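Q: Sequence:
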Amino acid sequence: MPQSHEYQKALILPSKQGSFILSRTIPKPLHALPNELLVKVHDVALNPADQKIQTLGIMYAEDSKYPIILGLVIAGEVVDVGDKVFFASGVFENEYAV
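Numbering (full-length UniProt numbering), first residue to last: 1 to 98.
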């Protein structure tokens, strides 16, 4: 995915049952991949699922590998839509946007 020279913040879990790290060095993507939305995040929150991922090592996808970025609850604005996405517009609120 093409990336800009700008960076964004992310809450990273480096290892199973590790401590959170706030990173400011994650490159911002320029475009969405074919089956994705690119969302300009206005707010993010941690929920009980994030806590279980951190404390118990439970992953939300079988192919997930550490380090992972947490914050499953987001609200923001859709800024780019991949070619294979067939519905999306304006404001985005979703508890499982990963």
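In short, the hints are calculated from the structure, not lab data. Predicted, not measured: the structure shown is a model, and the values here were computed from it. Careful: at least some of the hints might be erroneous.
What the hints assert, rightly or not - Quick list of simulated restraints, FRET-style, between CB atoms:
| no. | residue 1 | residue 2 | range |
| --- | --- | --- | --- |
| 1 | 77 | 19 | 26 to 32 Å |
| 2 | 17 | 73 | 18 to 24 Å |
| 3 | 56 | 30 | 32 to 38 Å |
Claimed, not checked - Computed cross-link-like contacts, BS3-like style, restricted to lysine-lysine with a CA-CA straight-line distance of at most 25 Å:
| no. | residue 1 | residue 2 |
| --- | --- | --- |
| 4 | 9 | 40 |
| 5 | 16 | 84 |
| 6 | 84 | 52 |
| 7 | 16 | 52 |
Glycine included, every Cβ here is placed at the ideal spot set by N, Cα and C.
Q: Are the hints correct? Go through all of them and say.
A: Structure-based check of each hint:
1. 77 / 19: 26 to 32 Å: Once the Cβ atoms are compared, 31 Å apart, the range 26 to 32 Å for residue 19 and residue 77 holds.
2. 17 / 73: 18 to 24 Å: holds (21 Å)
3. 56 / 30: 32 to 38 Å: holds (35 Å)
4. 9 / 40: holds (12 Å)
5. 16 / 84: Given that 25 Å is the threshold and the Cα spacing comes to 33 Å, the pair is violated.
6. 84 / 52: violated (32 Å)
7. 16 / 52: Distance of about 11 Å is within 25 Å: holds.
When the structure is compared with the earlier hints, violations turn up for hints 5 and 6 and for no others.
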